[in-house]
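J.: This is what each chain is made of:
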Amino acid sequence: MKIVSRNNSNLSNLDVKIVLIFAIVAFLVIFSVLPMSYLVFRSFIGGAESFGRIYTNTLNWNALKNTLVTASLSMIFGVMIAFPLAWLVGRTDMYGRKFFRTLFVMTYMVPPYVGAMAWLRLLNPRVGTLNVLIANFLGLSENPFNIYSIPGLVFVLTTFYYPYAFITISRSMEKMDPSLEEAAKISGAGTVRTLLKITLPVMLPSIVASGLLVFIAAASCYGIPSIIGAPGQIDTVTTRIIDYVYVGSSEGLSDAAALAVSLMLIANLVLYFSAFVTGDRHYTTISGKSTHPNIVTLGKWNIPVTICVSIFAFIVIILPFLTVAMTSFTKNLGKAFTPENLTLRYWNILFTRKPLLNSLKNSVISASAAATIGVGISCVMAWVANRTRSRFRAVPDFLITLGSGTPSVVIALALIMTMSGRFGLNIYNTLLIMIIAYVIKYLLMGMRTIAAAMSQIDASLEEAALISGASWLKSFVRVTLPLIAPSVVAGWFLIFMPSFYELTMSTLLYSTDTKTIGYELFTYQTYHSQQTASAIATGILIIVILVNYVLSKLSGDKFSI
Amino acid sequence: MRKFMIMVMALMLMFFASEAFAAKPKVVIYTSMYEDVIEAMTQTLQEKFPDYDVEFFYGGTGTLQAKIAAELDAKKLGCDMLMVADPSYSLELKQMGILHAYVSEQAKNLALDYDPEGYWYPVRNLNMVLAFNPENYSRENLPKTFKEFAYNSDLKAAISMPNPLTAGTALVAISALKDKYGYEYFDKLSENRVMVESGSVALTKLETGECKVIMILEESVLKKREEEDSALEVIYPEDGVICVPSPIMTINDKYSAHANSKICEELTDWFLSPEGQSYIVKGWMHSVLKNPPAIPYDSINTAEIFTRAMPVDWVKCLAERTELRTNFEDRVKK
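Protein chains in written order, with my numbering: chain F, 1 to 561; chain C, 562 to 895.
Next up, chain F with everything else stripped away, as it sits in the complex (with noise of 0.2 Å):
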């Protein structure tokens, strides 16, 4: 009797398994894949003209060439940050460190188009704040400066997207096994000896997570290139794409989908790329035994060390917020900032207008939706990814990185044709659709994020659960999951943010009971109200602080962003 029992509750567990999978992959296909190829495929009528006319404009070639160029700095440079940044933060004792990791992934929690801004107010050409202060104090006769630029583009990019990086591999870093870097110590190796020889490989699958997601996330960005790039005449992927929707014709949506294939293309294959880079070489950095990663003493660098972590901090993060917060206070954007020239009006705004506390409370729903949804996604795809040896595991990642390295504007608009009751499922206009769009848009913050975290955990462990007769769920919830708590949580948050003040899919998608905070930054943004969008930008970013705060000390430091 007893044997019988166990066997159907084994059957029943693969079921679990099985159907869990099931689900996510049609989901995937229903809401990311047959959209997108419904657009393609649209774009393919009319004897592939769509094709022909797109990728004969040398405009479009030369802004695949800048995606590609800005994209790989971005990456470059997020990585060449974030990792120092990590290491420092994690595994050494360097003054207020504490505060620096909440600090470094602050630029993550304000919408990129807000932050754009800031850093066109500061470093544009003619009279940018910081240019002209330069320029004056070393006596240059011009402004040293441009932010309309290549340079000026991969700048405000990188400044942006490393947090993806930082965020990727300290969560990792904190989780290593410090024995590999002991043994190192103990056969004679000195800091940087060890950091170079046994941390930076271990960590390497990481990095090159990390990196990818910065890559696909600069080159899927809209709203910097549009505001830096634009004016020096420097065009991306993405500004043409929204370039050719806005066209606002059945054609221009043709040619929108035939160029958004070729970022579709690239995003895809750089990660097999990662892939084929990483192979094999996953490195087990979580055995059995409990780990507290050693803490590296600085000692008489310590000082210099955190002068020049605070300088970056200053110029990368406080300086663009301080203009967010002090645009949000000014009158006048043309005069100084001084008392006759504040005003407590656009603040005003944020707490009179009664819309907004609405759409405040549709975007908390639709991204914590979206975050919970894309992380459980994550956790599964991650451990097929992972522990199976399916030939058929690399599909989750295709399925995942074509959504994510798609443009916002082009999934609402293929969400828009597929979904509106044609193929007998409606669900336009209402808040699922735009949770969908976030989850499709998104996952892949999460994915990378619980994958990498996952591949660093040996798989004795399941196991050992399973010998002892937990069930596959349960193994999974009891041992896997805690362990990479932390890239859960990291992961949720990198899938919550965006989706809280994403704004180019829920413009199209949003409806008079959906609208979100995005939406009003949108409209307030293009009321030609700078301030009542940067005291929104602000507002938003004291509620993530405060949220933040509250986790780290409910939880006694175990999460926070």
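Fair warning: there could be bad hints in the mix.
[Stated by the list, open to error] Just so you have them, the derived chain F footprint on chain C, three or more residues with Cβ under 8 Å: (1) 636–645; (2) 769–775; (3) 785–798.
Hints in this document: simulated from the structure, not taken from any laboratory. We treat Cβ as the ideally placed atom computed from N, Cα and C, and that holds for glycine.
Add chain C to chain F, keeping to what the hints say.
T.: For chain C alone, coordinates are given in the frame of chain F:
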């Protein structure tokens, strides 16, 4: 597992529950009018038409046109009426056979052309003008015409204009300017390193002094003047203000979201009435009536604007749309 199934069921329920309970007959209007204007109108509309539920959906013209194109692909629009873009867009929609014809009693009072079959009427007049910041530069040293805007090399890299690829009004502007000055105008814009970007970014650049003069819709400057005591001023170019009579259209019952074309007819009449027009004027746009109820805050006489208007050939604007955009891209955005 059970929890998971419950979640799935809940999701499914959300699918089906999403179809709202329709109490009153509903009309959805896609519009690019400012939310303030919409909010002010909504109140009055509720009093005027208590039996109907009139709902506005705000978006930029480009966004709305893209949304409509995607919806048309699925053969069903999410709206019943449109108040977006320029007359050439209504010509296009009329050709596609998705508009509803209605001959309005109010038509005789209009100062501007309308569709004799009643497929579209102008409902608000938007003006493309130049603007500058007197706190940074004086009017005397700045262009008085659209021609100077592009040809005066003193303005190099200090001018900005909206994107004709995304904004309907900008497309009309380059169409009119091309007809007047030829494609050379585009080359001159390019030589003067014009920045092509959205109005809000351009206005900020005017305030900070990064731009000396910008091409922009009059309403955005007037709004800033009234609401923010901004010092920005409008230049009504001597070679012509580019007037864009933005239309109101009703989608025919076959394609519309709620098939309430009769209600849409009543709404059309109201929007074209002096009362409806007074809300347009409050929203810093000009009325389309022969006897406008008022002029927008700080603007000049509507009749004067019409006499100073640069001619626009709407049929040509539609026919040459692709050519205009391609030329603009090749010459300016290269």
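J.: Enumerate the violated hints, using their earlier numbering and listing them in ascending order.
T.: none
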